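Start from the sequences, fold in the hints, and give me the full structure.
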Amino acid sequence: MSKKLLLKKAHVENIRLYDVYRREGGYRSVEKALKTMNPESIVEEVKKSGLRGRGGAGFPAGMKWSFIAKPEGVPRHLVVNADESEPGTFKDRYLMEFLPHLLLEGMIVSSFALGSNVSYIYIRGEYAWITDILEQAIDEAKANGWLGKNILGSGFDCEIYVQRGAGAYICGEETALIESLEGKRGNPRIKPPFPAVQGLWKRPTVVNNVETIAAVVPIINDGGDEYAKIGIGKSTGTKLISACGNINKPGVYEIDMTISVEEFIYSDEWCGGIANGKKLKACIPGGSSVPILPANLLLKTAKGETRLMNYESLADGGFATGSMMGSGGFIVLDEDQCIVKNTYTLARFYRHESCGQCSPCREGTGWMEKILWSIESGKGKKSDIDLLWDIQRKIEGNTICPLGDAAAWPVAAAIRHFRDEFDWHVDNPQESQIRNFGLAHYADEIHIPVIA
Amino acid sequence: MSEQILHKVIIDNITVEVPAGTTILNAARQIGGDVTPPAMCYYSKLEGSGGKCRTCLVEVSKGSEKDPRPMPKLVASCRTTVMDGMEVKNITSPKVIDARNGVVEFLLINHPLDCPVCDQAGECDLQDLGYNHGKEGTRYEFKRRTFHKVDLGDYIQLHMTRCIMCFRCVFTADQLTEKREHGILDRGDHAQIATFIEKNLHNEFIGNVIDVCPVGALTDKTFRFKNRVWFTKPVDAHRNCTNPKCCGEAQLWMRGDEVFRVTARKDEWGEVKEASNGKTGWICNTCRFETKKVSDWTIEGPSVINRHSVISQGHYVGVTKPAETFTAVMKGRNPKLLMDIHDESEVNKSNVELSKLDRPAHSTDFK
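Protein sequences appear in the order of chains A and B. Mapping of the first sequence onto my numbering: position 86 corresponds to residue 86, and the numbering continues sequentially without gaps. Mapping of the second sequence onto my numbering: position 26 corresponds to residue 1026, and the numbering continues sequentially without gaps.
These aren't lab readings, by the way, just hints derived from the structure by calculation. Hints are not guaranteed to be accurate.
As the list claims (entries may be wrong) - Each computed DSS-like pair below joins lysine-lysine, with the alpha-carbon atoms no more than 27 Å apart:
(1) K1135(B) <-> K379(A)
(2) K202(A) <-> K1179(B)
(3) K70(A) <-> K1066(B)
(4) K184(A) <-> K1179(B)
(5) K229(A) <-> K202(A)
Only a predicted model underlies this, so the values are computations on that prediction, with no experimental measurement involved.
Dropping the structure here:
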């Protein structure tokens, strides 16, 4: 049984309400932080914990906090990124739905550490009912003196506001989120200046994922060193994984990053194996933008080691044979799934969500979608596959924000690992419309070169 | 005042010293020539522009003297400021050339390529970019994106199909006019410049969006299909404009005595020049659209067109008359003709001056 920090109390009845949450030991970290610690020591504690951003990039949170500029007389802001729109990721939704006070608790401590008197939760527009849950929680916290002026007599003022987005994936990118929060069109800004220097209303701003902020609570309660003991290497603490696809038990799981991918998929404690007794074909381990892996490379790295569910192990082998932890959207595909169709679906998503600001992403995503559709519908040519490869190569790294990369990686990985299936679609245009390519050799043992 | 801090930058192995805070693109413009990356969306006179088209990507092979690490990705030179000791590779980097060709291909896949009927042809930034970096033929086999033409009032027509989404016109309207009424609707490849819901643009300075448009998406309705730009001759002219914000200094595009179009004066990068009063030389709608008689203007003389487009061909800077090779080779002596062809052929009678005849020439006049 893996250790639980965030979801330990998630199943207590009515934990959503303040009274129950407080009775179960809630808001202890605020008391500890405001009464016995100063902002610097909180940042220090988060640094010690090794907590990494849970939104996808995995940047150390303590480091991010220490970058925030502190010019005299300029307010600073904390913005919580709850614009969880990545296909396959739904962990923040679960957290906010069931434990809204955990997020608020983390926000109050983090706001104190960063000196933010007005903090925001930017929530995606589709989570309309969660906005109500959060606002109710904010009202309760305020009524009980955890928000407002002079919290716990410490002289620290803090207000939290919830702002709903209007349904754009791009607004999950931190600078686009800030633009949107300012009431403008959600186009990513050109960096530098980074938000830590000039963010919301040109003030120093830290943007963190919901889960990152929630993880501050156990770090303050138990201490950064204690938190760092969980996990392996630089992957410390626990991580929420939202598992979906062809598995028996889809849902949100909290793991301590020590278990193997194989155990996660097949153990009854987690996903409970592939549904309907099918075989595993492929998996996107970290939300739709990360590279897809075939079964053989998913369970074992190219060096033949068992792949574990953590930042380093999932990224082992780089993009050639590895993937990324991403935001924890674990999408499992069984032998009946068509990789070409899957890639087309993702390409369609990115085409629809590109903001249209910079040319490679605006034009390239649409082009890729069209080519993938012609391959999928049996009208493709052999040269189309190389063309796709060339297009993704010219998008990646040449755009303002990471959406271009996120659109390019799934296509690149699909061609890299599943080229046979693309070829089969082109060679058998009619058969590909009625039959699936199937598992083929994608779960076969990989040849591991002997290293002397 | 303290002295300006100068930073030393090496761009394509050419060293240049520029004040701190200058962008790589502007440093490269000081060198000029091939070293300058092309810019489709950056416009030095518009605050906040740039970074979007990605044609000006360059490789930074050395960050600065203090931190010599190279930058991991190609950077947009128009929005990246120089550091002391920075080394930049533009045309010397195969990575940059490859990425730029890619961007040009992306810009062209949905462009209608209707240059033969486009008013911008001949002075179009995208045309120049396509000639320099484009390929023959296209790999795009799908239907191109199209939009309806929209009239933005009496003077401006918007043809979104040609637009490359540089956002310059939005910045222009934001920074030059009182109230911007157009912007970007939708996102991704169906994003468009539009007024919501179709409105006329009335502001007295809105005509400048035509000048900043790098392609033929925003065109002057008083000039549409009247002439090709390379047939008209640009001259610098000024008038006493009653609008206090207008500098009254413009460029007239004439053919014979007729003024076909009036634009602001532009520099070698295709951007609006500074006027004599030191401000940017934007002109008002009255000067641009309604003052099209030669008598309205005081003509100063032919404009200096120092650009790569076809309009500079012919009679402007950049074309030098070839030297007299004969006299140079003969060291100043005139060539000695071996025979006079007219004497030898006996075709013409030497005593008959054909032009003086008061009747049509007859065969007898020749022999």
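Evaluation of the provided hints:
1. K1135(B) <-> K379(A): Holds, at about 25 Å.
2. K202(A) <-> K1179(B): 23 Å, holds
3. K70(A) <-> K1066(B): 24 Å, holds
4. K184(A) <-> K1179(B): 16 Å, holds
5. K229(A) <-> K202(A): 38 Å, violated
The structure does not agree with numbered hint 5 stated previously, though it agrees with all others.
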